[in-house]
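Construct the complete structure from the given sequences, taking the supplied hints into account.
If you're matching them up, the sequences are chains A and B in order. Read in our numbering, the first sequence has 46 at position 46, and its numbers run on one by one without any break. Quick note, our numbering runs 77 ahead of the 1-based positions in the second sequence.
Calculated directly from the structure, the hints in this document are not laboratory data. The beta-carbon is built from N, C-alpha and C at its ideal position, and this holds for glycine as well. A couple of the hints might just be wrong.
[Unchecked claim] Listed next, the stretches of chain A that the computed footprint assigns to chain B, with coverage defined by at least 3 CB atoms under 8 Å from CB atoms of chain B:
1. 11-20
2. 36-49
3. 58-67
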Amino acid sequence: MCIAIPARVVELRETGALVERYGERLEVSLLLLEEPVAPGDYLIIQARAFAVEKIAPEEALEIQRLFDAIIETMPSV
Amino acid sequence: MSSALGPGEGKLRIQIRVEKGVIAAVALASTRPVSAGSVLVGRRLDEALALLPRLFSLCGVAQAVAGLRAVENALGLVVPPPQAAARQLLVTAEALEQTVWRILIDGPRCIGVEPALESLKPLRRALASLRLLLFSEPVWMRIGGARLAPDRARLAGALDEIERCIERTVLGRATVDGSPWPDRGAFETWMRTSPAPAALVPRWANGQGLAGFGRGTVEPLPEFDPAWLAWRLANDSDHSFCARPNHVGGVGETGALTRYWTHPLIAALRTEHGNGLFVRLTARLIECAAFVAELRNQFQMASADHPGTLDLRNVSGSGLGIVECARGRLVHWLAITEGRVSAYRILAPTEWNFHPEGPLARGLAGAEVGRGDRVRQVIELLVMALDPCVGCELAVDEH
Numbered sequence: 001m002c003i004a005i006p007a008r009v010v011e012l013r014e015t016g017a018l019v020e021r022y023g024e025r026l027e028v029s030l031l032l033l034e035e036p037v038a039p040g041d042y043l044i045i046q047a048r049a050f051a052v053e054k055i056a057p058e059e060a061l062e063i064q065r066l067f068d069a070i071i072e073t074m075p076s077v
Numbered sequence: 078m079s080s081a082l083g084p085g086e087g088k089l090r091i092q093i094r095v096e097k098g099v100i101a102a103v104a105l106a107s108t109r110p111v112s113a114g115s116v117l118v119g120r121r122l123d124e125a126l127a128l129l130p131r132l133f134s135l136c137g138v139a140q141a142v143a144g145l146r147a148v149e150n151a152l153g154l155v156v157p158p159p160q161a162a163a164r165q166l167l168v169t170a171e172a173l174e175q176t177v178w179r180i181l182i183d184g185p186r187c188i189g190v191e192p193a194l195e196s197l198k199p200l201r202r203a204l205a206s207l208r209l210l211l212f213s214e215p216v217w218m219r220i221g222g223a224r225l226a227p228d229r230a231r232l233a234g235a236l237d238e239i240e241r242c243i244e245r246t247v248l249g250r251a252t253v254d255g256s257p258w259p260d261r262g263a264f265e266t267w268m269r270t271s272p273a274p275a276a277l278v279p280r281w282a283n284g285q286g287l288a289g290f291g292r293g294t295v296e297p298l299p300e301f302d303p304a305w306l307a308w309r310l311a312n313d314s315d316h317s318f319c320a321r322p323n324h325v326g327g328v329g330e331t332g333a334l335t336r337y338w339t340h341p342l343i344a345a346l347r348t349e350h351g352n353g354l355f356v357r358l359t360a361r362l363i364e365c366a367a368f369v370a371e372l373r374n375q376f377q378m379a380s381a382d383h384p385g386t387l388d389l390r391n392v393s394g395s396g397l398g399i400v401e402c403a404r405g406r407l408v409h410w411l412a413i414t415e416g417r418v419s420a421y422r423i424l425a426p427t428e429w430n431f432h433p434e435g436p437l438a439r440g441l442a443g444a445e446v447g448r449g450d451r452v453r454q455v456i457e458l459l460v461m462a463l464d465p466c467v468g469c470e471l472a473v474d475e476h
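If you want it as structure tokens, here you go:
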């Protein structure tokens with residue numbers, strides 16, 4: 001299903017970034033991105049390790065709202 | 078493999094019990110949000126379709142085309158052949174990128190080799206350029222078709238670049254001509270001697286005696302009877318079928334291996350290794366080369382098309398949309414009431430391949446895996462070869 005929740009950049013590293021989504025923090029590579037990234041940007045992450053796309057903050061927040069709605073429909077894990 | 082995933086994405090949990098080097102028990106459970114399509118309910122059709130690629134951003138084109146086909150089937154719309162070819166070209170491009178990702182990044186990581194990220198960038202750039210070279214408006218997923226104005230010269234250039242990238246960084250020059258490796262001998266020679274990154278993981282698996290690892294008895298998923306599948310999904314309001322599907326009481330496999338099940342090279346390898354790891358890895362390589370040829374075929378069929386605007390305010394009906402994507406057969410079904418989505422179901426290929434009675438579970442049961450770190454490594458490699466669309470949490474209990 002290839003679901004990917006946008007992650008917010010918390011801090012830049014030498015070749016990557018520390019990102020956060022739903023309170024979970026990940027170290028990800030930025031090597032596949034073509035555009036510059038700054039703290040506060042939103043990224044799509046693949047395989048929990050690689051940023052593959054930067055998206056606009058308003059779009060990221062809309063997607064997060066959708067995922068909030070999806071989570072409400074899920075049985076508790 | 079991950080130990081924790083963000084909520085919403087869900088995960089697969091694979092629990093393995095190993096006794097004296099042999100897998101004695103396999104338990105698979107999924108927390109993937111199979112009801113994700115429910116967030117589309119109540120929305121206008123165009124609005125719902127626009128959300129699909131954002132919700133499923135790693136296979137967004139396949140999801141959008143499955144949604145478009147479902148809507149168009151529901152409304153009895155027949156899309157002109159150039160539109161169908163242009164959409165299929167984008168589906169193929171996405172599947173090629175995902176396939177290359179498995180070959181260049183996920184596979185090497187499983188065997189402790191640093192992935193060659195830089196080499197993926199030019200391919201990603203060329204694949205990403207295709208959409209705007211086909212459609213003359215940014216929103217390509219319009220019901221009935223979007224304004225199609227292929228820039229043939231630049232598209233041909235992009236396809237050349239894609240083919241060069243596959244030759245240079247994935248398969249090696251001799252293999253990209255639409256029919257790579259004429260026979261098993263040629264393939265095995267290439268696999269043993271080629272410096273191409275694609276040869277790395279199959280060579281490692283073969284050298285480790287893992288060619289038949291994970292072989293099992295689960296057969297390819299047959300073609301669906303559309304009427305049966307539509308009925309089954311329409312009556313799946315609790316999403317239990319989408320979570321654990323079955324077909325005529327059984328579970329089938331879907332993906333690169335099943336698409337090339339009767340390919341001469343795969344058929345030859347199956348006689349010795351069944352549907353084991355090496356055969357799965359080989360099928361993905363064959364498909365990688367075939368995708369390049371498919372892109373060229375679809376390019377030939379994608380000519381200019383200017384569909385008119387449709388009035389969808391009061392339409393009703395239900396329909397099914399099926400797309401073969403990188404990971405296998407993806408199915409969408411929806412119901413429409415007065416121009417809005419009244420029900421939406423998504424049946425993803427992962428639910429077949431990682432079903433508790435599916436090819437991973439059946440292939441692992443009774444398999445010899447050795448001891449220690451190797452146990453986790455070989456299981457992760459088989460999981461990668463079957464290619465789930467969410468992360469996995471693997472727990473190994475070794476006795």
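Cut-off 8 Å, C-beta pairs, minimum 3 residues; does the coverage of the segment 58-67 of chain A by chain B stand? Satisfied; 5 residues make the cut.
Coverage criterion applied to the segment 36-49 of chain A (partner chain B; beta-carbon cut 8 Å; 3 residues): Result for this restraint: holds, n = 4.
Given coverage of the segment 11-20 of chain A by chain B, checked by CB-CB distance under 8 Å (3 or more): violated (count 0)
Going down the numbered hints, you'll see the structure goes against just number 1.
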